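Participant: First to last, the protein sequences are chains A and B.
All you need for this note's numbering is the position in the first sequence, starting with 1, plus 583.
All you need for this note's numbering is the position in the second sequence, starting with 1, plus 31.
Treat the hints loosely; a few may be bogus.
Covered, in the sense of this in silico footprint (three residues per stretch, anywhere, with C-beta under 8 Å from a C-beta of chain B), are these stretches of chain A [as the list claims (entries may be wrong)]:
| id | segment |
| --- | --- |
| 1 | 794-807 |
| 2 | 860-869 |
Think about it this way: if two alpha-carbon atoms lie no more than 35 Å apart in a straight line, the pair counts; the simulated DSBU-like pairs of lysine-lysine are [stated by the list, open to error]:
| id | chain 1 | residue 1 | chain 2 | residue 2 |
| --- | --- | --- | --- | --- |
| 3 | A | Lys-842 | B | Lys-220 |
| 4 | B | Lys-166 | A | Lys-599 |
| 5 | A | Lys-708 | B | Lys-206 |
| 6 | B | Lys-155 | A | Lys-708 |
| 7 | B | Lys-499 | A | Lys-676 |
| 8 | A | Lys-687 | B | Lys-155 |
| 9 | B | Lys-166 | B | Lys-155 |
| 10 | B | Lys-499 | B | Lys-483 |
| 11 | B | Lys-68 | A | Lys-708 |
Calculated directly from the structure, the hints in this document are not laboratory data.
Just so we're clear, the structure is a prediction, and the values are computed from it rather than from any experiment.
Note that CB positions come from ideal geometry on N, CA and C, so glycine has one too.
Listed here are the chains, written in short residue letters.
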Amino acid sequence: MRLLNNTNFDFIGKRKLAASLSVILILCGIVGSIFNKGFTLSIDFTGGTIVQIQFAEEITTAEARQILKDHGFENLDITTISSPDSHDDILIKTQLSGTDLRDKLNAAFGDREFETRRTEQVGPKIGNELKNDAIQSIAVALTLILIYIGFRFDFYYAIGSVVALMHDILITLGVFAVLKLEVDMVTVAAFLTIVGYSLNDTIVVFDRIRENIKGSAREKLEDIVNRSLNDTLSRTLITSFTTMLVIVILFIGGLETIKDFAFAMIIGIVVGTYSSIYIASPVMILLENRAGRKIAKKK
Amino acid sequence: MFKSPGSRWIIIAAVILFSVYKLFPSLQYYTMSEEAKQQMMLDDPAKLTELHKQAINLGLDLQGGMHVILEADIPILAQNLSNDKTGELLQAIKSAERISIKNRTDFFDEMELLANANDIKLIKYYSELDGLGGKSNADVMAALREQGDYAINSVLEIIRNRVDEFGVSEPTIQKSGKTRIIVELAGVKDTDRASSLLQRTALLEFKLVKPGTDLQPILDKIDTSLLEMEGIPDDAVVDKNNPVDDMTGSDVSPKDDSLLTTDSTGTIEDLFEALGTTETQTDLLTTSANILSKNPFSGYLRGFPTGLGILSSEVNKFNVLLNSTEVRTLFPKDSELLWGNDDLSATLEDGRFVNYRNIYLVKKEAVLTGGVVTDARAATGPIGSDVSGQPVVNLTMNAEGAKTWARFTGANIQKNVAIVLDKKVYMAPVIRDRIPGGRTQISGLDNIEEAKDIANVLRAGKLPAPVKIQEERTIGPSLGRDSIIAGTRAMTTGFILVIIFMIFYYRGSGLIANLALMLNIFFVLAILAMLNATLTLPGIAGLILTIGMAVDANVIIFERIREEIDKGKTVKASIEAGYEKAFSAIFDANITTLIAAFVLAWIGSGPIKGFAVTLSAGIICSLFSAVFITRSVYMLFGNKKPLNELSI
Numbered sequence: 584m585r586l587l588n589n590t591n592f593d594f595i596g597k598r599k600l601a602a603s604l605s606v607i608l609i610l611c612g613i614v615g616s617i618f619n620k621g622f623t624l625s626i627d628f629t630g631g632t633i634v635q636i637q638f639a640e641e642i643t644t645a646e647a648r649q650i651l652k653d654h655g656f657e658n659l660d661i662t663t664i665s666s667p668d669s670h671d672d673i674l675i676k677t678q679l680s681g682t683d684l685r686d687k688l689n690a691a692f693g694d695r696e697f698e699t700r701r702t703e704q705v706g707p708k709i710g711n712e713l714k715n716d717a718i719q720s721i722a723v724a725l726t727l728i729l730i731y732i733g734f735r736f737d738f739y740y741a742i743g744s745v746v747a748l749m750h751d752i753l754i755t756l757g758v759f760a761v762l763k764l765e766v767d768m769v770t771v772a773a774f775l776t777i778v779g780y781s782l783n784d785t786i787v788v789f790d791r792i793r794e795n796i797k798g799s800a801r802e803k804l805e806d807i808v809n810r811s812l813n814d815t816l817s818r819t820l821i822t823s824f825t826t827m828l829v830i831v832i833l834f835i836g837g838l839e840t841i842k843d844f845a846f847a848m849i850i851g852i853v854v855g856t857y858s859s860i861y862i863a864s865p866v867m868i869l870l871e872n873r874a875g876r877k878i879a880k881k882k
Numbered sequence: 032m033f034k035s036p037g038s039r040w041i042i043i044a045a046v047i048l049f050s051v052y053k054l055f056p057s058l059q060y061y062t063m064s065e066e067a068k069q070q071m072m073l074d075d076p077a078k079l080t081e082l083h084k085q086a087i088n089l090g091l092d093l094q095g096g097m098h099v100i101l102e103a104d105i106p107i108l109a110q111n112l113s114n115d116k117t118g119e120l121l122q123a124i125k126s127a128e129r130i131s132i133k134n135r136t137d138f139f140d141e142m143e144l145l146a147n148a149n150d151i152k153l154i155k156y157y158s159e160l161d162g163l164g165g166k167s168n169a170d171v172m173a174a175l176r177e178q179g180d181y182a183i184n185s186v187l188e189i190i191r192n193r194v195d196e197f198g199v200s201e202p203t204i205q206k207s208g209k210t211r212i213i214v215e216l217a218g219v220k221d222t223d224r225a226s227s228l229l230q231r232t233a234l235l236e237f238k239l240v241k242p243g244t245d246l247q248p249i250l251d252k253i254d255t256s257l258l259e260m261e262g263i264p265d266d267a268v269v270d271k272n273n274p275v276d277d278m279t280g281s282d283v284s285p286k287d288d289s290l291l292t293t294d295s296t297g298t299i300e301d302l303f304e305a306l307g308t309t310e311t312q313t314d315l316l317t318t319s320a321n322i323l324s325k326n327p328f329s330g331y332l333r334g335f336p337t338g339l340g341i342l343s344s345e346v347n348k349f350n351v352l353l354n355s356t357e358v359r360t361l362f363p364k365d366s367e368l369l370w371g372n373d374d375l376s377a378t379l380e381d382g383r384f385v386n387y388r389n390i391y392l393v394k395k396e397a398v399l400t401g402g403v404v405t406d407a408r409a410a411t412g413p414i415g416s417d418v419s420g421q422p423v424v425n426l427t428m429n430a431e432g433a434k435t436w437a438r439f440t441g442a443n444i445q446k447n448v449a450i451v452l453d454k455k456v457y458m459a460p461v462i463r464d465r466i467p468g469g470r471t472q473i474s475g476l477d478n479i480e481e482a483k484d485i486a487n488v489l490r491a492g493k494l495p496a497p498v499k500i501q502e503e504r505t506i507g508p509s510l511g512r513d514s515i516i517a518g519t520r521a522m523t524t525g526f527i528l529v530i531i532f533m534i535f536y537y538r539g540s541g542l543i544a545n546l547a548l549m550l551n552i553f554f555v556l557a558i559l560a561m562l563n564a565t566l567t568l569p570g571i572a573g574l575i576l577t578i579g580m581a582v583d584a585n586v587i588i589f590e591r592i593r594e595e596i597d598k599g600k601t602v603k604a605s606i607e608a609g610y611e612k613a614f615s616a617i618f619d620a621n622i623t624t625l626i627a628a629f630v631l632a633w634i635g636s637g638p639i640k641g642f643a644v645t646l647s648a649g650i651i652c653s654l655f656s657a658v659f660i661t662r663s664v665y666m667l668f669g670n671k672k673p674l675n676e677l678s679i
């Protein structure tokens, strides 16, 4: 079976349209994050406490809030988490930390039968360190990738791919900001996986461009790139499809802690596939052509 | 390379066999029932530990457990140790704390810089600090740094000592940096208790060791009573040749002239000879049923070079007995049996090793507690003294403690006193003489490291630096189970869907790719087992992601082969060209993903590291399975008869 055999889409011709779309999306993200006062950072980065409790007899978030209020707890973020085999868990979040807090929370529910399924507590000091680690890991990964592609292809390819990667991360972050989804250590791992994945796509295209350039020195770069994009199109879409398949299943059937990861990946795969076609190669063409013109002038 | 299909299949077979070998312990361990594990824990704990070590670890998020980062509050220590807490110094400490958190630098470095920059004479504030080598700021800082190390090392020792109480088989307790301790308790059931155990103030006590003559009647009474319960005639119990009382006597043999000394006399051969039994050498590694049928309790006890003890492999069994209500009610109210803090090993006549743990009968009431200790430090004995050049611990007590200590030591010369931290005996030196003035020297230690450990234990009672939990993550066992179920379900579903799609889209070649995919998952698990890596929930996500991405290499190759066939090439040429041309794309694409994964593994912690490791393993394995193995399969078909048609 074959889909998309011998296609001849004019991807490069639509690069301006694509660029505007991307800019609009990124702007939306920025506006959204300003409107929502930045990102919702998890306690991994802010410090705080999470307690996940399953009651033998289900109680509503309103009831839980009332009980905790009676025990002097205000401003807690109380939500529910669905559990695959039994009724919902109650999830309590606060940016406060300190061990007696956990005990107090336990004491507040003392007269009911319950199981504490998860507690996470991060002091502000560690939270700050984790935040630095996260930023550092993304910066280090991007730099190393830039160096590797610069070495294997050339510098303009490298810039093209890194622009595409930043584009992917910015849009994914934008979606998180607009939807007020929480950014934690696991989401950062998802961002780095998106980086790896999107790069995968971009490199397969670049590899084909590298190969096609060899035999056709007289052809315009735009045409070679367009041909290469069409050559690899079916692979790009099939791989995105299989990866998407497993990620969607992870999103549907996975657990709360993995859900955000899967969601970030879903956005990342869509954006990453798009950017390897419409962002990485056009940026590369732009840089190569400008450099080419300079060289021509010098001569 | 590897042009002949034969050599390829040898490599593939070797890799598969190796993977099976590496995965076998995991299969064995995780299919074992909980009861079987419990039984093995009693019968052969070493074997269970070994099996567990070789199996793939499940992360705390999957099996439930607790991850805690403790930190000693060093700025508070610096504050507490100063004798004049005025504005200037306090200001410097606060600033140093702020800067060190912001820049993630060492607090003491910042404090020293600030003190020097602001011309603060530190000696003014720390004139009474222990271990001062001089009066300069550098000298004071050196002594402060030493106190900082002492504080965290004592905490480390205290927590290690409580290992058994957490009720988990293999807790991880490690120092991280200069001020932190990371504790991981996999499978801990009662997390509230574990959390309070970590923070509980340590209890250091000095207790009088009772002589073997006191122990014998207790043992006889328990043995008799246990035999009566089992209905065995009790005349077998009153065995005058019972080895135990011979052994305990060797406990108290003074060796040198130091005030307190440890006992390490006698060789294992002597002691086993003294057993006076007809046991053969092999029987020395377990206690025979024969002995236990006569002495169900005391039969476990043996004499070792460091005193009375129990074989390590039998500690769990003996503990069960010791904690039974039967034995507890028979035990005299004023005494208790306490374990040594760690397993020791002794050499048998034939050169084999035997591991054991000491056990001590002590008076329940403590002579003194750690609160009276003002200082304890490891040193080498002064030149010219009896202990010249030997490792010693110098122990200093406050006036109140010194008074009781003098009276107690005077009354118990030639007896042993046990240094007990949280109910574990660290050592039980002999009292050589009355010790007035509160200054005690402990000698007879094996090396300076042991001296340092003992000094840490003795200091455990007074902790000038509060220890705070900086990070705590607990996952209940039920949530871990849910995660495993959901993770496995997602993985199986994803796997099946991808397999169906590949057959649907690539027909026969899809089958080959699916074979590679299955082997890929198998290899990734084998690598995890080999690296002793931990499988976490994000790790399972990485594995699932690997499924999606591993077929990518095959997709790239197959699309290329189709292209080549379209160009009119023969099947054989197309396959060759397909693999050749696809390789650079596959290689470069995988390397860049690997870079991202390595960075994650390097900087990330815990679950994230698990994800990165699985992803890296997946990428490396997919190069082997999706490129090398599939090619070999094509070669196999191509060799039998030239391929004219390709199912792709």
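Participant: Look at each hint and say if it fits the structure.
Facilitator: Evaluated hints:
no.	hint	result
1	794-807	violated (count 1)
2	860-869	violated (count 0)
3	A:Lys-842 - B:Lys-220	26 Å, holds
4	B:Lys-166 - A:Lys-599	72 Å, violated
5	A:Lys-708 - B:Lys-206	18 Å, holds
6	B:Lys-155 - A:Lys-708	31 Å, holds
7	B:Lys-499 - A:Lys-676	21 Å, holds
8	A:Lys-687 - B:Lys-155	43 Å, violated
9	B:Lys-166 - B:Lys-155	9 Å, holds
10	B:Lys-499 - B:Lys-483	24 Å, holds
11	B:Lys-68 - A:Lys-708	40 Å, violated
Going down the numbered hints, you'll see the structure goes against 1, 2, 4, 8, 11, while the others check out.
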